[in-house]
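These protein sequence lines map, in sequence, to chains A and B.
Quick note on this note's numbering: the first sequence kicks off at 1 and runs consecutively.
Quick note on this note's numbering: the second sequence kicks off at 1001 and runs consecutively.
Keep in mind the hints are simulated off the structure, nothing from the lab.
Don't be surprised by glycine CBs; every beta carbon is placed ideally from N, CA and C.
Just to be clear, a hint being listed does not mean it is correct.
Pairwise CB distance ranges (calculated) [unchecked claim]:
1) E1316/B - E44/A: 45 to 53 Å
2) S1291/B - R347/A: 51 to 59 Å
3) K143/A - T1310/B: 14 to 22 Å
4) T1284/B - P140/A: 30 to 38 Å
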Amino acid sequence: MAQQKVPALKGLKVLEWGIAQFAPAATRCLSDFGAQVIKIESTETPDVLRQLQPQVKGLPPLDNAPGFTHFNTGKMSLTLDLSQPRGVDIFKRLAVWADIVVQNQRPGAMEKLGLGYEDLKKLKPDIIMVNGSVAGQEGPGKKVRGWGFHTSAISGVTFLTGYPGKEPLFPGWNVPADVLGSLFLTIACLAALRYKARTGKGQCIDATQLEPMVHILGASLLDLTANGRPQERIGNRHPYASPHGAFRCKGDDQWCTIAVFSDEEWRAFCEVLGNPAWTREAAFATLESRKKNEDELEKKVEEWTLNYPPQEVMDRLQSKGVPAGKVQRINEIMTIDPQVKQRGVYREVNHPLIGRFLAPAWPFILSETPCEIRHGPLIGQDNNRIITEILGMSDAELVELVNSKVLS
Amino acid sequence: MLSGLRVLDLANATGSFCGYLLARLGADVVKVEEPGGDAARKFGPFFKDSPDPEKSLYWFAYNVGKKGITLKIDPPEGRRIFERLVKNTDIVIETYPVGYMDSIGLGYQALSAINPGIILTSITPFGQTGPYKHYKSSDLVAMATGGMMALCGDPGKPPLRLNPDHAYYQAGTNAALGTLIANYNREMISGKGQHVDVSMHDSIVRENNMWAYRWEFLHTVPNRAGNMQVREDLRTRLIYPCRDGFVVFYVDTGRVGRRDLKALAQWIHDEGIEGVLDRLNLDTFHAPAASDEVLKGITNQILSLTGRYTKKELEEKAAKRGVMLRAVKDIQDVLNYEPLAFRNFFVDVEHPELSTSIKFPGHLFKSSEVQDDIPKRRAPRIGEHNKEVYCGELGLAEQELARYQCSGII
């Protein structure tokens, strides 16, 4: 019965010159599902992820950050000095080798080096090039720089996050825009590959981090474009559910969310609470009345949740079919979350210098072609192999490239 | 780019973003609704605030670009019709409770027996396996269990979710990506489909992966911190009020962060706002090592600056000086934002029945080859394409269709 599983993307060849998360996390996905990914790097101006905190003491400075692996699993690394013409030449040869080139350097940087889409297209007419930026390769977006946190701000998503009537709030750091942008970038790669398989044509893709975030404004955007109504922050509440919020539980700063949408869920909720008299009052009998008296309702609910730790609130409610979930912190997710454990959301990798640690897999499990999570490359670890095996250059040429610091 | 791919989209509101993305890329996505219409049609906001299943903007938002048919898939007659549809389908997307599709004879094995190329993409609260697989969820619940809410909100107040339905979009995007990887494998390598098991919970856990290695190596557990950084080593403010709203800026570490702070300090100096920034050596400044007093001083100087101007003024001045300060744009600002207008990002979708057109987000990205891939098709009316699909494609006679409609199957 045991069958050797062939990776989903076996044979796919990818060249990446990325910074931080956007392009690296996108090609990382391709790598985990079996593509061969060459990452172009530089020891002079290394990717910021090589300098991520934390860094493990006593290891070489560019190979001591476990966080680098999280965005670069299974890739090959080639260090190249692109300020030298022969460095640019090697990049071009690899672009010809690759099925797809993915990059998120500052808009215009590739063209300046003679590595823009038009340049590469001359060498390989059916090349696929996927360019990532915050707000576009051309026009007024070209100059918009920023981390994911800035992108969330200009997308409207930050504006919609916060308690009602209060200032916008956002989880500090860069997470949502970076993650969503990278997922869209990988989707772009796969869509372009399919187009080429069907038509024989390559293409240039100009993808942003901004547009995916605007796509997730949903009805909040349409309420303005169709009704002229600007939506505001609504916190944890929901116009069609009540109770719908995070409730304080037993313990230090412990919380559980509860989301009651249907009448059936409301009845089950009341049953779990032991059908106390207040649940039968007219003020709480229907969704409409609960919405009207929501402040009071939330107080009543919290009087109950305060008696139990959040896991117990969650399990009691879920056992009767009421959506509920505890507010988990990262330590709980990594140690006691049974889903994360059983589904392999985090997998152990064995890094040659750092040793064993956890790196994330994907939130989608493919039944026939599972992903494989490997450690991120040491900087320049594949220089020799790429030059001689993939590009077929001689050992003498390799030595010369090393001596003249083209392989930087 | 995905033209020629047929998708049957059985997903409810938690998963409709997946089919939306595939439709945006040119796939032929057919929404399969319960007779009477999908539950998402009951959610507002409604066009002109008139509650009507054909006027739900909530429904329009992520069913734009799809066709629509109605079918009850659980009775045997409905199941047989569904099986016939599956023969010419590449991808089925569903959000039923774990085990339901199997229980009505339409699980992956059954579909695969009809069409070995079929890709079944299941989007569920906690995935198809694990002790929570039968637990129910919603956006709020997934944001909580996935770890995002612990990072957002004021200390002492309830943890906050992000923009409404954030978890549905994360899961839907992951689902579209997993589906396209499976499709690549099918079209380029194996010729076979597979089951794609997407978990909403895992999607939010995955969204938070930046905190995992910090926890593992530094043993730090970040908590919500209002408008401050949640990273314990960066105790600086992120969101600053200005004259007509808010802007974001952060004091970062490393060479980019230092360059940024120096440019801001020069600006603050030019504005004549005095304070701690005048006395610091910004070439060596390292925020994590700074005292609370210094950081508070910097924050106050930035607040003095932002309080003087509107968000637009601040953004323009910052851009000239190379400072990474950005406005917290409201929805109207986003609609007017020049980079999006330059890219023709927003498209008008005609709604003849409402005698209007509505502006929607358009492309997922720009392509040099495929310009006309963005379907301008408005979200389907209930059963709008029944005749086209059932009579035109499956070859049902019109009387047969009428009979199924009478019996409530279609």
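Unsatisfied constraints (hint numbers, rising):
Hints 1 and 2 contradicted; others consistent.
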